[in-house]
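This is what each chain is made of:
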Amino acid sequence: MKIFHVFNSSSPFTRTRVITITIATIIALGINFVGITSGITTVLSHALYIPIILAGYWFPRRGLLFSTIIAVFYGTLIAYTLPLDPLLIVSTLSRMAFFVLIGGVVAFLSTKLRESEQQLHEIIEFLPYPTFAVNRNGEVIAWNQAVEELTGVKKAEILNKGDYAYSLAFYDIKRPALLDLILTPNPETQALYPLIKKEGKKLVSEVFIPRFKGGKGVHLRVAATALVDSSGNITGAIESIRDITEQVMTASALQNTSSRLNTIAGIVRHDISRKLAGLYGILSIGVMKFDDPEVLFFIEALKDSAQGIQRQIDISREFKDIGTSPPTWIPVQNAVLDAIKRLGVGGVTLRIWTERLEIFADPHMPAVFFYIFDATIKETEGVTTVVVTYHIQKNGCAILIETDGAGIEKSIKESLFTQREERYGHGLFLAHEICSISGITIKETGTPKKGTRFEILIPSEGYRIL
Amino acid sequence: MNEQDTLRTHQNTGASDSGDPAQTDDIQIMGKIVVRELRTDEFSAADRCWVDYHETTGDPATDRIFAVFSGDMIVSLARCRRHPDGMDVDGIFTPAEHRRKGYSRLAVSALVEACHNDDLYMHAVRHLVGFYAEQGFFPIEEKVLPPTIRERYVWAGGNLEGAEVQPMLRKAGLFSD
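If you're matching them up, the sequences are chains A and B in order. The end of the first sequence is residue 471 by the working numbering, with every number in the run present. The end of the second sequence is residue 169 by the working numbering, with every number in the run present.
Chain B extracted, bound-state conformation:
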């Protein structure tokens, strides 16, 4: 468990979620905020939170889910899913009423730090590429994505640009990067 004051050294300003670009650097996190990984028995709470996010559900066998709590309430989520050929970051979501408070940045930072031993791939919404770049992600060509991760957007028929999606990669590493 990492409380707000523990996190202060590297992530004390607000961030955006998928629908709220990073324009909130001046907003300070208020109240008792805790960022931690969810235990298996808490996955159902994440599923409930994700109902408004494509009805995403977590699978304890493949997923690590990182949540930002305000008191007992989940206010932001991020997921790292283990595929046979790579790690996929998705499910980054903050319910509308909790946006513009930097929670998303906390969730993604936690995920990146906890999973930094692997290369991390993601399909970023194009207007959030800058936000994810702050976490060490950089744009890549679709063909660089591992096949099972690429499959998620196979419906776009190779036109990810048209789908407003940018594949990104964060190379494994912690302090040195």
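Just chain A, same shape as in the assembly:
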């Protein structure tokens, strides 16, 4: 009979289920037989729901047939064992109907669940990015076509395998992968991935795998997130991978070009500085040689222009390395302390409350704090206290640098971060440029005569609280 084909299944999973249903059926029928022969026709019949529900859930296509067979068995048992009276016949037929009904309902719901799971599997299967998933025990539950192509490992070879079998496919060694950090956060696993970023509920990192593409190697961007059930419990994790080799190569080429341009700019800067030094010398001699006020005025104007060129050279020198190194996670407390150490704050009291905050920014970020402290402590009158805090907002995290003292006049605020020659120099302009590389914004929102307040807004994906 077709129904027993399942008994011949080669899948150990299926065999275990069939054996479980068989045992449950034998026990339930046995209990009912003993009960009926002892005159008990109620309560014990409920035991038959166990194999009916199991069969309907595990084998939904045969659930209805199975529950019908159980119902027939039950009815036959009653008919052959007990003297039939109208009440017993009605109650037995009712129970039989319920067996069939329950079996049918469970089979229907299970079929719908299977269809939903199947749809999800198909979505994963045809995702353009290599994607795989594991359950809470670390066993592979999904392995799509794209990951088959990337690793050369077929789904049939790896499905239901645990013990970091998926890592073997990528790294040629059994070790935790990024999605294991979702299941079991662990510093050792974290150390295997550089620059792990948290983007919403995802963990994102980049890795280089030398053995792929015939030994040429590939740069991969890996993103992992949790699989959760309706109660919010983590039931597994899913990892999606994207080949970013071309992007990395482009970035590397740009960095090389930038480095060469820097070298050329450095040579040009040096030559201009030398010529400028010569010009200063000639102008100084001119001041001594001529006493005609008109000529002296003319020389002074030339000197001003020369100083303007010198300032441009200074800015260019300070700007030369900005943006040449990739952004990195920066502990804010250390960056602020570095800036303070470099600047020296005299009698000003500083209190920094950013112990747990890290931001993803250009490595020159400490210079931003330096220029802000320079503008507030050195350039603003009456500052005795500086407080550095952070504030989590809907659109990110703001680092706030607040001082007492005179504050900054409203007329100056508007051009504070532009390139200017007078007070505040070009430091805040550079601070603004450094921030903008990583999508960070900076503004001054203090109240004149009450103090300064610099707000550095970090985008949501660019900060973490450790």
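Keeping only pairs whose Cα atoms sit at most 27 Å apart, straight-line, the calculated DSS-like set for lysine-lysine is:
1. A:LYS448 / A:LYS383
2. A:LYS399 / B:LYS163
3. A:LYS160 / A:LYS221
4. B:LYS163 / A:LYS454
5. A:LYS218 / A:LYS179
6. B:LYS24 / A:LYS346
7. B:LYS135 / A:LYS399
8. B:LYS163 / A:LYS415
Since the hints were derived computationally from the structure, they do not count as laboratory data. These numbers come from a predicted model, not from an experiment.
Start from chain A and add chain B according to the hints.
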């Protein structure tokens, strides 16, 4: 990290903890005292200290904990917990042997300064309302508390006065307040 001499400008006298009212203004802080926020890996040290304070435990995902250290030892704690609808200040505790030295005031001042960008709510023990008022808190009606913070004392059935508890609020702000 803010050491005692750094803090001198605004908080050099002793304060009380929850069981020791502010009657210690004449007591000077002695020894090397450091006030700072705890890192996540230090939360367990706070949990140990809080064993005698309703067995309170910290959660790095929602809490900022500020500790006063005397050497390596935590001598006072204060916590600011982020709720979906507001910030709740609690866990202000100084072990009995370290009281009457002003540590509590240091911990609360640190918390208030570090978290001053948000409105801060708290349920103060009534005889400490004056102490918290020094930090900018003022009494409010229970209904003003955000719902998730109000839930903490739902057992009092709206009779916080009977429970000897006063809801308080500190509006966001630093120097100007």
